[in-house]
Amino acid sequence: MDRDYMVARFDRAIKLLPYGLREKIRKLDKESRASTEEIRLRTGKAPTVLIGGREREFSDVPVTRADLDMLMDIATQVSGHAVQSSMINGYITSTGGFRIGIGGSVYMKDGAVGGYRNITSAAVRISRELLGIGSGLAGQLFENGIFRSTLIVSPPGCGKTTLLRDLIRIISDRGVRVSLVDERGEIAAVFDGKPQFDVGTHTDVLEGCPKAQGITMMTRAMNPQIIAVDEITDIKDVEAMINASNCGIGFLATAHAERLGDLKSRPVYRSLLHADIFKNIIYINKSEDRRTYKIERTGAEND
Amino acid sequence: MIKYIGAVVIIVSCVYSTLKAVKKLRDREKSMQSLCTSMEILKDEISNHLTPIPEVFEMLAERSQYPANKLYKNALEEMKNIGSCSFFSIWKKAVAETEELLLTEPEKQVLGEIGLTLGRYDVKNQEGMINRVISRFDFYRKRAEDDRRQNTKTQAYLGIISGVFVVIVLL
Chain A
6 MDRDYMVARF DRAIKLLPYG LREKIRKLDK ESRASTEEIR LRTGKAPTVL
56 IGGREREFSD VPVTRADLDM LMDIATQVSG HAVQSSMING YITSTGGFRI
106 GIGGSVYMKD GAVGGYRNIT SAAVRISREL LGIGSGLAGQ LFENGIFRST
156 LIVSPPGCGK TTLLRDLIRI ISDRGVRVSL VDERGEIAAV FDGKPQFDVG
206 THTDVLEGCP KAQGITMMTR AMNPQIIAVD EITDIKDVEA MINASNCGIG
256 FLATAHAERL GDLKSRPVYR SLLHADIFKN IIYINKSEDR RTYKIERTGA
306 END
Chain B
125 MIKYIGAVVI IVSCVYSTLK AVKKLRDREK SMQSLCTSME ILKDEISNHL
175 TPIPEVFEML AERSQYPANK LYKNALEEMK NIGSCSFFSI WKKAVAETEE
225 LLLTEPEKQV LGEIGLTLGR YDVKNQEGMI NRVISRFDFY RKRAEDDRRQ
275 NTKTQAYLGI ISGVFVVIVL L
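Those protein sequence lines, which keep their order, are chains A and B.
Going by our numbering, 142 is the number at position 137 of the first sequence; the sequence numbering is gapless.
Going by our numbering, 150 is the number at position 26 of the second sequence; the sequence numbering is gapless.
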C-alpha cells in the first residue's frame with residue numbers, strides 16, 4: 006500500500022484530536038504514522054496508538070474528560086444529537102470516514118440504551134481505502150455477464166469492509182446499479198451529504214438505516230441490480246435478503262467467520278445458505294501484512 | 125442672529141440625544157425579540173430535524189432577524205477554532221463580541237450558558253436549556269418593552285425641556 010497515502014490518512018485522522026494531543030501525536034515517526042490502526046484515549050491514562058495489534062503510548066500526559074469531550078465536539082461538529090442513533094450503538098462516523106468507538110456510562114430509556122451520561126474512552130479507527138484490491142476478483146463474480154451473489158467471509162480485522170467497498174466501486178463503475186445499505190456508515194462514510202470513500206458512479210447509499218428495513222426500502226425505491234450490505238447478523242436481515250433475492254436482486258455482503266462450515270453452524274446463516282442466495286464465497290486470508298483471496302462456488306453444495 | 129442659531133443647535137442636539145436613547149430602548153426590545161425567535165428555530169431544528177449545529181447556525185445567520193443573525197454568524201466563524209477552544213468558549217466569545225445585541229452583562233451570562241449544553245448528546249437536555257434561555261429572554265424582552273413604553277415620552281420631554289433650559293440659561 007502507498008505509504009504516503011497511509012500517512013496522509015493518519016494526518017487526517019489526528020485532526021479529530023484536541024490541539025494538545027494532536028501536537029504530541031504529530032511527533033511520531035513516519036513509519037509509525039503509516040502503520041497506526043487506531044488511536045486510543047482513556048480518561049486518566051496515557052493516550053496510545055495501536056500498531057500491529059499492540060498499543061504504544063505517544064504521550065505521558067493523561068487524557069482528561071475535557072479531551073474526550075472536545076474529540077466528540079470535533080468529530081460531530083458539536084452536533085451530538087445528529088449522530089445519536091449511531092452513538093447508542095457505541096460509535097460515530099466522522100468526517101473523513103473515521104469510525105470512533107465510544108466507552109463510558111450509558112443511561113437506559115424504555116429498556117434500551119438512551120445515550121451516554123459521560124464518555125471515558127474513545128478509539129479512533131484509521132480506515133484506509135484500498136483502491137484496486139478487488140480488481141482481480143470483480144470479474145469472477147459475474148457469470149455470462151450476470152452478477153452472482155457473493156458473500157465475503159473472514160474473521161474480524163482481515164479487511165472484509167475494505168474489500169466490499171472496493172468491489173462495490175468496481176462493479177458500480179461498470180454501470181451496474183448498486184444500492185448500498187450502510188447501516189454503520191463505515192462503507193461510504195457519508196458526511197455532509199457526500200460519501201467520504203469512493204463507492205462508484207452508480208451507487209445509491211442509504212446510511213444509518215437498519216439493514217432489514219434498508220434492503221426493503223432500496224428494493225422498492227431504487228430498482229437496484231445489486232444490494233450491498235456489511236456484516237449480516239440478524240435473522241431479519243436474512244428474511245429481507247431472501248425477499249429481495251426473489252425479486253432478482255443480487256447481493257454483495259460480508260459475514261464474520263473462518264470458513265463456510267462456521268456459517269452453517271449458526272442459525273442465522275444456515276437459513277441464508279439454505280435459501281441458496283450466494284453463489285460465490287470469498288475467503289480472506291491475512292498473514293502479516295499480506296492479504297490473499299480465494300473464491301469458492303457454492304451452488305452445488307447448497308442445493 | 126447667532127444667538128438664535130446657537131439656541132436651535134442646542135435644542136436640536138438635546139432632542140437628537142434623546143431620540144438616540146429612545147432608539148436604543150427600541151433596538152434592545154427588537155434584539156430580545158430576534159433572539160427569542162431564533163432560539164425557537166434552533167430548538168425546533170435540533171429536536172425535530174436533528175440538524176447539525178453548523179448547519180442551523182448558517183441558516184440562522186442568513187435568515188433570522190437582525191441582530192440575532194450577527195450572533196450566529198460570529199459563532200459560525202469562531203467554530204473554525206474548535207479543537208483548540210471548547211465550544212463553550214467559542215459561544216461565549218460570540219455572545220460577547222456581538223455588540224449589536226445590546227445585552228447587559230447578566231443577559232450575556234444567561235445566553236452564554238447555552239454553550240455548555242448545545243450540541244451535547246441528549247436532545248432533551250438541549251431542549252430544556254434552550255427553553256430556559258427563551259423564557260429568560262422573554263422576560264428581558266417584556267422588561268425592555270416596559271422600559272421603552274415608560275421612558276420614551278419621559279425622555280422626549282426631558283430632552284426638549286433640558287434643551288430649552290440650557291438655551292434660557294445661556295441667553
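Be aware that a few hints might be false.
List time: in silico BS3-like cross-link candidates among lysine-lysine, alpha-carbon distance up to 25 Å [as the list claims (entries may be wrong)]:
hint: 1; chain 1: B; residue 1: K217; chain 2: B; residue 2: K194
hint: 2; chain 1: A; residue 1: K20; chain 2: B; residue 2: K204
hint: 3; chain 1: B; residue 1: K217; chain 2: A; residue 2: K199
hint: 4; chain 1: B; residue 1: K204; chain 2: A; residue 2: K32
hint: 5; chain 1: B; residue 1: K217; chain 2: A; residue 2: K20
hint: 6; chain 1: A; residue 1: K269; chain 2: A; residue 2: K291
hint: 7; chain 1: A; residue 1: K29; chain 2: B; residue 2: K277
Stretches of chain A that chain B covers, calculated by requiring three or more beta carbons in the stretch to come under 8 Å of a beta carbon on chain B [what the hints assert, rightly or not]:
hint: 8; segment: 47-55
hint: 9; segment: 138-145
hint: 10; segment: 152-161
Hints are computed from structural coordinates only; laboratory data are not their basis.
No residue lacks a Cβ here, since even glycine has one placed at the ideal position from N, Cα and C.
Here is how each hint holds up against the structure:
1. K217/B with K194/B: The hint holds at about 13 Å.
2. K20/A with K204/B: holds, 12 Å
3. K217/B with K199/A: Since the Cα atoms of K217/B and K199/A sit roughly 31 Å apart, the hinted pair is violated (cutoff 25 Å).
4. K204/B with K32/A: holds, 24 Å
5. K217/B with K20/A: Within the cut-off at roughly 23 Å; holds.
6. K269/A with K291/A: Answer holds: K269/A to K291/A is near 22 Å, not above 25 Å.
7. K29/A with K277/B: Not OK: K29/A and K277/B at ~63 Å, beyond 25 Å, violated.
8. 47-55: violated (count 0)
9. 138-145: violated (count 0)
10. 152-161: Coverage by chain B is violated here, the residue count being 0 at a Cβ distance below 8 Å.
Taken one by one, the earlier hints fail for this structure at numbers 3, 7, 8, 9, 10, listed in ascending order.
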